[in-house]
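J.: So the chains spell out like this:
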Amino acid sequence: MKNSVFFGAMAFAGLAAGAASAGTLDDVKARGELNCGVATGLVGFAAPNAEGEWEGFDVSICRAVAAAVLGDATKVQFVPTTGKTRFTALASGEIDMLARNTTWTFSRDVDLKFDFIGVNYYDGQGFMVPKELGVSSAKELDGATVCVQTGTTTELNLADFFRINGISYEPVPVETNAESQQQYAAGTCDVLTTDASGLAASRTVFADPTAHVILPEIISKEPLGPLVRHGDNEWGDVVRWTLNALVAAEELGVTSANAEEMAAGTSNPEINRLLGSDGSLGAMLGVSDDWAKNAILAVGNYGEVFEANIGEETQIGLSRGLNAQWTDGGLMYSPPFR
Amino acid sequence: MTIMTDPPNSGFRLSQLFSDTRYRSMTFQVIAFIALLLMFAYLGNNLINNLRAAGLNISYSFLGERAGYDLNQSLVPYDSESTHARAAIAGLLNTLLVAILSCVSATILGVTAGVLRLSNNWLVSKLMAVYVEIFRNIPVLIWLIIISTIVASSMPLPRAFRGEDATASMIFDAVAFTNRGVYIPKPLLEHGIFASASANWLLVLVVLGVSLFASTRVGRWANAQQEATGDRPQTLWINLGIFVVPFAVLMLIMGLTWDYPYLKGFNFTGGTQIGRPLIALWFALSIYTGAFIAENVRAGIQAVSKGQSEAAAALGLRQGRVMKLVILPQALRIIVPPLISQFLNITKNSSLAIAVGYADITATLGGITLNQTGRAIECVLLLMLFYLTASLMISGAMNLYNASIKLKER
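Protein chains in written order, with our numbering: chain W, 1 to 338; chain R, 339 to 748.
Possibly wrong hints are sitting among the right ones.
With a Cα cut of at most 30 Å, we get these calculated DSSO-like pairs of lysine-lysine [unchecked claim]: (1) R:LYS686 with W:LYS84; (2) W:LYS139 with W:LYS29; (3) W:LYS139 with W:LYS75; (4) R:LYS464 with R:LYS644; (5) R:LYS644 with R:LYS686; (6) R:LYS662 with R:LYS602; (7) W:LYS139 with R:LYS524; (8) W:LYS29 with W:LYS113; (9) R:LYS602 with W:LYS131; (10) W:LYS221 with W:LYS84; (11) R:LYS644 with R:LYS746; (12) W:LYS139 with R:LYS602.
Derived by calculation from the structure, the hints in this document are not laboratory data.
Bear in mind that the values here come from a model prediction, so they are computed numbers and not experimental data.
Taking the hints into account, I'd like the entire structure generated from these sequences.
T.: Below is the structure:
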């Protein structure tokens, strides 16, 4: 009797280990829900609103993928991850994709066995200091105490920047963005450093946002994008082309307002292929033919997502800059839907 | 006629392994042991297979690579050009530093509170009861965050020390309390005997060690005198001389000066900085574990039969001597074993350091290095090895001490 229980437990463990290896796309469909890793709370990118619903720039990517795969943008389980837990969560299969302003680097892509499926925000690391310090350049920060989120590329860029410029600093490592805001506000550090977009987002939560300046130096390239596990190419394609669909939709003038109408058929064959009235791109991807339409209806095109969450009209107030369409001098460029 | 019954044939049958009480317990132990081995083999095999399926392997080569991050406190020379191994060592030393500091202060705090809790003074004993109950019933992580927040928000900023209308000032122009830590003067040896500063300080330690040894010899001599004549010679001045004179002479030779902290740019420079993370972690671990130790001490003292103290009093010993000569030696036998586990708790609880940004080994090797290299299994295995070794060493040392004070049967 004891033996049978033991072997039963072993068999169960074996089954559990086996289940994780099936395709993520099938897993998500079978589960009827997308597990999406996001930040623990960064206003504009991923944070719960007053009703407790997650919203933000990264959250919209999760919702777009859920809409494309499941036809319902609400079927998302948001898993808050810190800079430290995010990769383990993805590698272990706890989440299907990670959309948590994560910088695309060589070692993460190659050594950690992830696939970055694109870039949804081109960012760079900056510094924020209280205005009263009278600092106008990051090179004047000799001897400063700097709050930095631990386990990020930010931490490494920071060390490099100060070393190259021959100036010293004292790091205050913190776990989450909220904690770094708190430490900075209490004055335990003189300087807050993270991606410039994150600084702009953090500044909005301070009592007097105008009392803080973001220094002009951008010390790194930070292409932020969603990522999936390496080796599951079908699932990688779904996430990659959902992001591309949002970018292409902006370029082609498809918005959440007119997508339904355009899906009936237009004179532009690329729009027709994108929205599923021509060809069967959805079937090739393993999802329904109206996948892109669903995604666009759920969150809007890339421009709409940007403006609604972090654009100049919002508190965060970021301009498009590098993130404008390539036709407007930016870097947002979707390969053709053909 | 006698009836002889032959003893049963002693041939061994396999079923005896289960039916015969002589073998049965051994059989089951062997089965359980094999099952345990199988389970571990299965888990290990599973891990290796899953890693291989994910295209990963176990490798420690990352330890030799450049770390690329900075630490806010390091006892060994360290910068972002150093290797991950060095970052791990820096973290390890920081862990040991805070563990040793906290063990010492928690013991002092705990023994004081434990003895005072037995005080006849109602107010004192109740105050200690309140201390014990409050601090041991709230998780140490909460204390850590509370203390860190209090230091961060109640102490002045370094820039409050600047200018004509400075709102804060240094104590004796030497010590500055800021929300980033306490800055104290640092002793410097101007013309040391050796070239390197650490060798000079080692010499100072050696001299102090010799003084300590000499003073124990003086103590023994005093004991012998007391045994022989009944009078104990005054040793206070001798001991003071043994410690102060060589130390002072050495300091004079090597030219002791003080490096005072002063405000420069954003922060104080010069002197020694005791950072806010260290203060918060040290203080939180001390007061939290001190509350547990206080209970151990109280229990140990109360476990010594009242007859012992009454008998000692009947012999004419004073209160202090009763405690020192009669009660504590017996109480220690009861106090020390639980004290060992409190010391182990301090060492392990110090891994909460990252909550206040202290660069201990969990924050460096188990945090930043793990994250930057993605070598989670390797890092966690190393961490386990470290904490296991540290704990076993503490417990080994304390067991030696325990053996030295336990009841010696003659």
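J.: Now look at each hint and say whether the structure bears it out.
T.: Hint by hint, here is what the structure shows:
1. Pair hint LYS686 (chain R) plus LYS84 (chain W) holds up; C-alpha atoms about 20 Å apart against a cutoff of 30 Å.
2. For the hint linking LYS139 (chain W) to LYS29 (chain W), the alpha-carbon distance of about 52 Å lies beyond 30 Å, and the restraint is violated.
3. Between the alpha carbons of LYS139 (chain W) and LYS75 (chain W) the distance comes to roughly 47 Å, so the proposed pair goes past 30 Å and is violated.
4. With a C-alpha separation of about 22 Å, the suggested pair LYS464 (chain R) and LYS644 (chain R) falls inside the 30 Å cut-off, and the hint holds.
5. The hinted pair formed by LYS644 (chain R) and LYS686 (chain R) fails the criterion: a straight-line CA distance of about 37 Å is larger than 30 Å.
6. For the hint pairing LYS662 (chain R) with LYS602 (chain R), the CA-to-CA distance comes to about 51 Å; that exceeds 30 Å, so the pair is violated.
7. Restraint check: the Cα-Cα separation between LYS139 (chain W) and LYS524 (chain R) comes to about 29 Å, which is no more than 30 Å; the hinted pair holds.
8. A hinted pair counts as satisfied when its Cα atoms are at most 30 Å apart, and LYS29 (chain W) with LYS113 (chain W) qualifies at roughly 24 Å.
9. Using a Cα cut-off of 30 Å, the hinted pair LYS602 (chain R) and LYS131 (chain W) holds, with the two alpha carbons roughly 19 Å apart.
10. Distance check on the hinted pair: LYS221 (chain W) and LYS84 (chain W) sit about 21 Å apart at the alpha-carbon level, within 30 Å; holds.
11. Proposed proximity of LYS644 (chain R) and LYS746 (chain R) is supported: the alpha carbons are some 22 Å apart, at most 30 Å.
12. Between LYS139 (chain W) and LYS602 (chain R) the CA atoms are separated by roughly 16 Å; this keeps the pair inside 30 Å, and the hint holds.
In this structure, the earlier hints numbered 2, 3, 5 and 6 are contradicted, and the remaining ones agree with it.
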